[in-house]
Amino acid sequence: MSSTMWATTSAKPTPLSAKASSRRSSLCIVRCSLRDLRDRISSVKNTQKITEAMKLVAAAKVRRAQEAVVSGRPFSEALVDVLFNINEQLDIDIDVPLTRVRPVKKVALVVVTGERGLCGAFNNNIIRKAEQRMEQLKQLGIEYTVVSVGKKGNSYFQRRPYIPVDRLLESASLPTTKDAQAIADDVFSLFVSEEVDKVELLYTKFVSLVKSDPVIHTLLPLSPKGEICDVNGVCVDAAEDELFRLTTKEGKLTVERDTVRTQTTSFSPILQFEQDPVQILDALLPLYLNSQILRALQESLASELAARMSAMSSASDNAVELKKTLSILYNRQRQAKITGEILEIVAGANALA
Amino acid sequence: MTLKLCVLTPNRIILDSEVKEIILSTNSGQIGVLPNHAPIATAVDIGLLRIRLNDQWLGVALMGGFARIGNDEIIILGNDGEISTDINPQEAQEALEIAEATLRKAKGKRQVIEANLALRRARTRVEAVNVIS
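Taken in order, these protein sequences are the chains called B and G. When we follow the UniProt record's numbering, the leftmost residue of the first sequence carries the number 1, and every step to the right adds one. When we follow the UniProt record's numbering, the leftmost residue of the second sequence carries the number 1, and every step to the right adds one.
Hints are computed from structural coordinates only; laboratory data are not their basis. Take these hints with a grain of salt, some might be off.
[As the list claims (entries may be wrong)] FRET-style restraints, in silico, Cβ to Cβ: (1) G/Gln30 / B/Ile50: 55 to 65 Å; (2) G/Leu53 / B/Lys49: 43 to 53 Å; (3) B/Arg160 / G/Leu53: 54 to 64 Å; (4) B/Pro103 / G/Gln30: 20 to 30 Å; (5) G/Ile23 / B/Arg100: 26 to 36 Å.
[Unchecked claim] Short derived list, chain B residues pointing at chain G, Cβ under 10 Å: (6) Gln66; (7) Leu169; (8) Ala172; (9) Thr176; (10) Lys178; (11) Ala184; (12) Leu287; (13) Gln298.
For every residue, glycine included, the Cβ atom is placed at its ideal position computed from N, Cα and C.
Based on the provided sequences and hints, a complete structural model is requested.
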C-alpha cells in the first residue's frame, strides 16, 4: 500500500523519515491532499499556542498559591505558640469533644481533587489512593463515607453510586477560609454527632514542581498538643512547620522546602484565663482544624498547578515535534507534485517536437 | 497610649494597627479592653468586634476564635473575619434570610448544628454592617 506512490523518494530511510514513512503510510490512507496537510499543520500550531499559554498561566498561579501559603503563616505560628503554652499551663487531662478517642466503627474520608482536567495524573493519583484506603477499611470491617471536594472527584463519585458519599463540595480557584470552614463544619458535625469516629484527610502534598505525593492525614480526633498524625500513627509536631517556596535557581523555576521551627515564647505568668480551660481549648482546636484543612487545600492546588504545568509543557513539546514532521511531509508532497507537473510538460513538449 | 491590635485568620491578616479601645464578644459576655489592661486569654464567640480609632468606631465580624491580651498587645486568632466596610449590606441580609430558612427546614441533630452555626455567622455579618460609627 505504501511504497508505490513514494517510489521517487530516497531509498535509505533516516531515523526521522523512518518514523515519517510509517506515518506517511497511515496518513496516505486518510488524506493526502496538500490542503488537508496545511489545515492540519495550522491546527497543530494553534493547539501548541494554547498549551503554551496554559503552562504560563499555571506557572503564574503557582506563585499566587505560594503567596497564599506564606500569608497564612502568621496565623499558624501564633496558634502553635498559644497551643503550646496552654498545654504547659494546664496539666490536667481535658475532655474536649474534638479530642475524644472512640472505638472506630465508621470513618469519614475527605478527598481533595482538582476542579479541571488537563493536569496529567494528578486527579487519578488521589482517587486511586482513596480507593486503596476504602479497600483497606473494608477489609478491616470498618464502614466509610466520603466527603468529596473538587469537581473531578465529585463527578467520579457521582458515577459510582455504590460508594457512600456524604457531601460534594466545590471550591473556587483560590481556596478561602470560607471553603475550609464549610468542610470543617461538615466534618465537625459528623464527628460530634457521633456519626463517624474518625476523619481522615486525603490530599496531594506538594514535594517539588515535578513530584507530588498523595497523603492521608488524620484530621479528627485531634490531639491536644496540636500534632498532625499520619494513618500509621506517625505524628508530626505542629511546632515544626514545613513551607514550600517557589524561587528561581539558575533561571529555572525550582521549589525549596524548609522546615521552620517556630519559636514558642512563654506567656506572662500572671496571665488569667477568662473562661475555664475546656472552653478555651474548645475555641482553639477548631481554629487548628480550619488551618489544617486550608493548608491541605492550598497544597493540593499547588500540586495541581505544578502537574498542569508539566503536562502542558510536554504537550507543547509534542505539538512542536508533530508540526515539524507534518511540515516535512507537506514539503515532500509539494515537491513531488511539482516534479510530476514538470515531467508532464516535458513529456508533452517531447511528444510535440 | 494605644493598643497594638492584630487580627489574624488562616489565610490572611485582617487588621494590624494601633487602636484606642476594643470591645470583644466572648462566651462569657462582652469585654472592653483599654490600654494597660491586665493580661488575659479568652475564647472569642461568633460576634462583633468593635474597634475605636480616634473616636471612630469600626466593626469586624468575627467567626469565633481566641484572643490573647497583654502588654498593650492584642492578638486575635479568628476562624474568619470581615471588616464591616467590606461587607455588602444587601448580600448579608439575603444570606441571613437563607440561613433562617435553612434552620427551619433542618432535620436531625447534624443539620440543626450546621444550620445554627450558619445562622449565627449571617447574623454577625448583618450586625457588622449596622455598626454605629
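For each hint, the structure was consulted:
no., hint, verdict
1, G/Gln30 / B/Ile50: 55 to 65 Å, "holds, 57 Å"
2, G/Leu53 / B/Lys49: 43 to 53 Å, "holds, 52 Å"
3, B/Arg160 / G/Leu53: 54 to 64 Å, "holds, 55 Å"
4, B/Pro103 / G/Gln30: 20 to 30 Å, "violated, 42 Å"
5, G/Ile23 / B/Arg100: 26 to 36 Å, "holds, 34 Å"
6, Gln66, "violated, 13 Å"
7, Leu169, "violated, 13 Å"
8, Ala172, "violated, 13 Å"
9, Thr176, "holds, 6 Å"
10, Lys178, "holds, 7 Å"
11, Ala184, "holds, 8 Å"
12, Leu287, "holds, 6 Å"
13, Gln298, "holds, 8 Å"
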